[in-house]
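Trainee: Spelled out, the chains give:
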Amino acid sequence: MRVTTMVPNVDYDIQQTQQALSTALQQLETGQRVNAPSDDPAAAADSIRSLAESANVDQYTANVSTLQSQLQSADSAISNIVSSLNSAITLGTTGANGTESAANRQILATQASSLLSTIVSAGNASYQGSYLFGGSASMSAPFVAASTTYVSGSGTTSSPLSASTALTAGSVTTISDATTGQTMTFTAAAGDTIGTLQAAVASAVSAGTLSAGITATINASGQLQIATNNSSDGIVVNSDDSVLGSMSAASGTSVANAYAYVGNNAVNQVQVGDSMTVAANLPGSQLLGNSNVLDAMSQLITALQNGTTQQIGDAVTAVTAALNSVDVQRVPLDNTITQLNNQESYLGQEQVTLSSQQTSLTGISEAEAATNLSQAELASNTVLAAAAKVVPETLLNYLQG
Amino acid sequence: MSSLNTALSIASEALSASTTALQTVTNNMANANTPGYTREVVEFQSVPGDNNGSANPGDGVTIASVQSLRDELLQRQIEQQTQDQGSANAQLGSLQQIQTVFTTSSQDIGTEMSALFSSISTLSTAPTNSADRQAVLTAGQNLANAFNTASNTLTQQQTALNAQVTQDVSQINQLTQQIAALNPQIAALQSQGQDGGTLQDQQDQLVLQLSQLTGVTITNSNDGITLSTGNGTPLVMGSQSFALQTTTGSDGMVHVLDANGNDITSTLSGGDLGGSIQTRDQTIPGLLNQLNSLAYDFGNAFNAAQANGYDQNGNPGGDFFNVPATSANAAASISMAISDPSLIAASSDGTSGSNGNLANFSAIQTSPLGSSGQTPTDSYASLVYQVGTLTSNANAESNATSSSLLQLNNQLNSVSGVSIDQESTNLISYQQSYEAAARVVTTVQALYQVLLTMGTSAAE
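Chains A and B, in that order, give the protein sequences.
Letter by letter, the first sequence follows residues 1 to 401 in the numbering used here.
Letter by letter, the second sequence follows residues 1 to 460 in the numbering used here.
These aren't lab readings, by the way, just hints derived from the structure by calculation.
In this text the structure is predicted, and so the values were computed from the model without any measurement.
All C-beta atoms in this analysis are idealised placements derived from N, C-alpha and C, irrespective of residue type, glycine included.
Incorrect hints may appear among the rest.
[Unchecked claim] Taking beta-carbon pairs under 10 Å as the criterion, some of the chain A residues facing chain B (in silico):
hint : residue
1    : Thr5
2    : Pro37
3    : Gly134
4    : Gly135
5    : Val172
6    : Tyr346
7    : Gly348
8    : Thr394
[As the list claims (entries may be wrong)] Coverage of chain A stretches by chain B, computed from C-beta distances (three or more under 8 Å per stretch; other residues unrestricted):
hint : stretch
9    : 64-77
10   : 116-130
11   : 324-335
12   : 372-378
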C-alpha cells in the first residue's frame with residue numbers, strides 16, 4: 001500500500017499509549033482496578049452487594065459491643081441481688097434458731113429491710129439513661145414503693161367526681177399490685193366513664209390480676225380513690241387522664257417493704273447477625289416477680305419483726321426458693337453473653353472474608369499496578385521515540401540545492 | 001516532413017508540458033496538508049507522427065488531462081464510520097457524566113441506603129436514645145438527597161442535550177446549504193467529462209462534517225449528490241437544500257421537524273444528533289424509570305413500616321418520607337416527612353422503650369421491593385450495572401470506529417494523499433525534462449544559425 005504520511009498512525013498510537021498510561025496511573029493511585037462502573041460493570045455491581053454486606057457486618061459488630069456492655073451491667077445488678085438474698089438467708093437462719101432475743105430480732109429485721117432496699121435498687125439499675133429491668137417501659141424506674149391508698153388530683157367536696165364522670169378517650173390508667181406482682185392497664189374508650197373504670201377494677205380482682213380488697217370508689221372529698229383494704233398490701237397507681245388529674249399516694253398510707261412493678265413484660269430483640277437476634281433485656285417481672293423475691297423478703301422482714309420461729313423458718317424457705325429461682329432466670333442472660341462473645345469472633349472473620357472479596361472484585365495490588373505503569377511508560381516512550389525519529393524525515397532533507 | 005521547425009515546436013510543447021507538470025507538483029505540495037485534497041496527476045500522452053512512411057518519428061508530447069485520484073467507495077465508507085463515531089461519542093460523553101453519580105463514594109445511593117439501615121439497627125439497641133433517633137432522620141435525609149442528586153444529574157443531561165440538538169440542527173442546515181450550492185457547479189464539470197476537482201474535494205469535506213453531525217444516506221444523481229436522513233427525509237436534492245427546524249415539545253424536549261413541519265425526531269440516528277437524541281429520549285428515560293421505581297418503592301416501604309408501629313408518644317407512626325402518588329419523578333421529589341426524632345415509630349406496643357417495630361424497617365433491606373421484586377441493594381446494583389454496561393459499550397464503539405477510521409483514511413490516503421517524497425522525485429523528473437527541452441531549444445537555435453550562415457563567409 002502506498003504510504004503518504006505516518007502522522008495519523010503516530011497520532012493514534014500516541015493517543016492509545018497515553019490512555020493506557022493514564023489508566024495505569026489512576027489504578028496505582030487509587031489501588032482500584034475498577035474506578036467507575038464502565039471499567040467492569042459486573043464487578044461494580046457485585047461490589048455494591050459486597051459493600052452492603054460489609055456495612056451490615058460492621059453494624060452487627062457494633063450491636064454486639066453495645067449489648068455486651070448492657071448485659072454485663074444487668075448481670076452485675078443480678079449479682080447484687082443474689083448476694084443480698086444470700087445475706088438475707090443467713091439473717092433469717094440466725095433469727096429462726098430461737099436463741100435470739102426480741103431486740104436482736106428487731107436488728108435482724110432492720111438489716112433485712114436494708115437488704116430489700118439494695119435488691120430494689122438493683123432492680124432499678126439503669127444503663128446510659130435507660131432502666132434495664134422495666135421491659136420496654138425503660139424511661140422510669142420499674143420498682144416503686146407501694147401505698148395502700150391513691151387519690152386523684154381532681155375532685156373536691158363542692159365539685160366531686162362521680163361514676164358518671166366521662167374519661168378522656170385514649171387515656172391510660174394503671175394499677176400495679178405489690179402482692180400479685182401484676183399490673184392492670186385500663187385504656188379509656190370513647191364514652192367510658194369512671195364507672196367503667198370501677199367495673200374494670202372489679203373484674204381485674206376477680207381475674208386475680210389484682211388482689212382481693214382493691215377497690216375504686218369516690219371518697220368523701222369527691223376524689224377518685226383507688227385503695228386496698230389490706231394494710232400489708234401495697235399498690236402503685238398511674239394515670240395520664242387530665243380529667244382525673246395526677247394520681248398520688250395519700251399521705252401516711254405507704255406500706256413498709258412493699259414495692260410494685262410498674263414496668264411491662266416486653267423483650268427487645270436486637271439483630272447481631274444476618275439470621276441471629278438476641279434478647280436485649282430481662283423484664284423485672286420475670287427476674288424478681290416470677291421468683292417472688294420481693295414478697296419473700298417482705299415476709300422475712302415481717303416474720304423477724306414479730307413472727308414466730310416457725311414463721312421465720314417458713315420465710316427463710318421462701319427466700320431460698322426465690323434465690324434458686326433468680327439463679328434460673330439468670331441463665332438465659334449469661335447464655336446470651338456467651339453467644340455474643342462467640343458472634344464477635346465470627347463477625348471479625350466475616351469482615352476479613354468480605355474485605356478480601358472486595359479486593360479481588362475491584363482492587364489491584366500495588367505490585368501489579370506498578371508493573372502496569374512501567375509497561376505503559378515503556379510503550380509510550382517507545383512510540384514517542386519512534387515518531388521523533390521517523391516523522392520529520394522526508395526526501396527534501398536529503399536533496400541538495 | 002521532419003524539419004528543425006518540427007523539432008523546435010516539439011521542444012516548446014515539451015517545455016509547456018513540463019511546466020504544467022511542475023505546476024501540478026507544486027499544487028500538490030502546497031496542498032499536502034489541506035484536508036480532503038485529492039492529489040492531481042498529469043497524464044502525458046505521446047502525439048503520433050504523420051502517417052507518411054516509416055521514417056517519421058512521433059510529434060512530441062501533450063498533456064491529455066490532469067486527474068484527481070479519488071476513491072468514491074472509500075469516501076462513502078469513511079462517511080458511514082464518521083456517522084457511527086459521532087453517535088458513539090455523543091452517547092459516551094453523556095454517559096460518562098451520568099456515571100459519576102452511580103460510582104461508589106461516600107454519598108451514592110447504595111452507601112446512603114446502607115447508612116440508613118445501620119442507623120436503624122443502632123437505634124434498636126437503645127430505642128429511647130434521642131441522639132440515635134436523630135441519626136436515623138439524618139440518614140434518611142442523606143438518602144433522599146442522594147436520590148434527588150441522581151435524578152437531577154440525569155435531567156440536567158437532558159437539558160444539555162436539548163441545547164446540543166438545537167446547535168446540531170443549525171449547523172446541519174448551514175452545511176446542507178453549502179453542499180447544495182456546490183452541486184450544480186460540480187454537475188456542470190462532470191457533464192463535460194471532467195472530474196469535479198477542488199469543488200468535489202470541498203463538497204466531500206462538507207459531507208464529512210455533516211456525517212459527524214447526523215446519519216445521512218448519499219446517492220448520486222445527474223444533478224449532483226442527493227442527501228437524505230435515515231427514513232428518507234430529503235436534505236439536499238440538486239441545487240436545493242431542505243432545512244430542518246427545531247421546536248420545544250410538550251414534554252420539554254427539543255423536537256426536530258422536517259421542512260414540512262413533520263416531527264422526525266425519533267427517526268434520526270447516527271452522528272452527534274442521532275446519538276444525542278437516543279441518549280436523551282431512550283437511554284436517560286430508561287434509567288430515570290428505574291431510579292424512580294426504586295425511590296418510590298423504598299419510600300413507600302418505609303412509610304408502611306412506620307404505619308405498623310408507634311412513635312415515642314404512643315401514637316401510630318406517620319409517613320417517614322414524602323413520596324408522590326405515582327413513581328413518576330419520585331427520585332427528584334422524595335424528601336423527609338418528619339423532622340422530630342420522637343416521631344420515628346420504633347415501638348410495636350405503644351411503650352416508648354419498645355424496639356419491636358424496627359424489625360419491620362430492617363426487613364426492607366432483605367425483602368423484594370415493589371414491582372421489581374428485587375431487594376433495594378440488588379435493584380441499585382442492577383442500575384449501576386446497566387449504566388456501566390451502556391458506558392462501556394459506547395466506549396468500545398468509539399474506540400472501534402476510531403481504529404476503523406484510521407484504517408480507512410490510510411487506504412484513502414494511499415490513493416489520494418500527497419506524498420512529499422513522491423512529489424519531490426517528480427519535481428526532479430520534471431525539472432530534468434524541462435532542462436532537456438530547453439537544451440533542445442538552444443541546440444536548434446544553434447543549428448538555425450548554422451543553417452542561415454551555410455555557404456557564407458560567417459560559417460567557419
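Trainee: Could you run down the list of hints and mark each one as holding or not?
Mentor: Right, here's what the structure says about each hint:
no. : hint    : verdict
1   : Thr5    : holds, 7 Å
2   : Pro37   : holds, 3 Å
3   : Gly134  : holds, 7 Å
4   : Gly135  : holds, 7 Å
5   : Val172  : holds, 8 Å
6   : Tyr346  : violated, 17 Å
7   : Gly348  : violated, 18 Å
8   : Thr394  : holds, 5 Å
9   : 64-77   : holds (count 3)
10  : 116-130 : holds (count 3)
11  : 324-335 : violated (count 0)
12  : 372-378 : violated (count 0)
Violated hints, in rising order: 6, 7, 11 and 12; the structure is consistent with all others.
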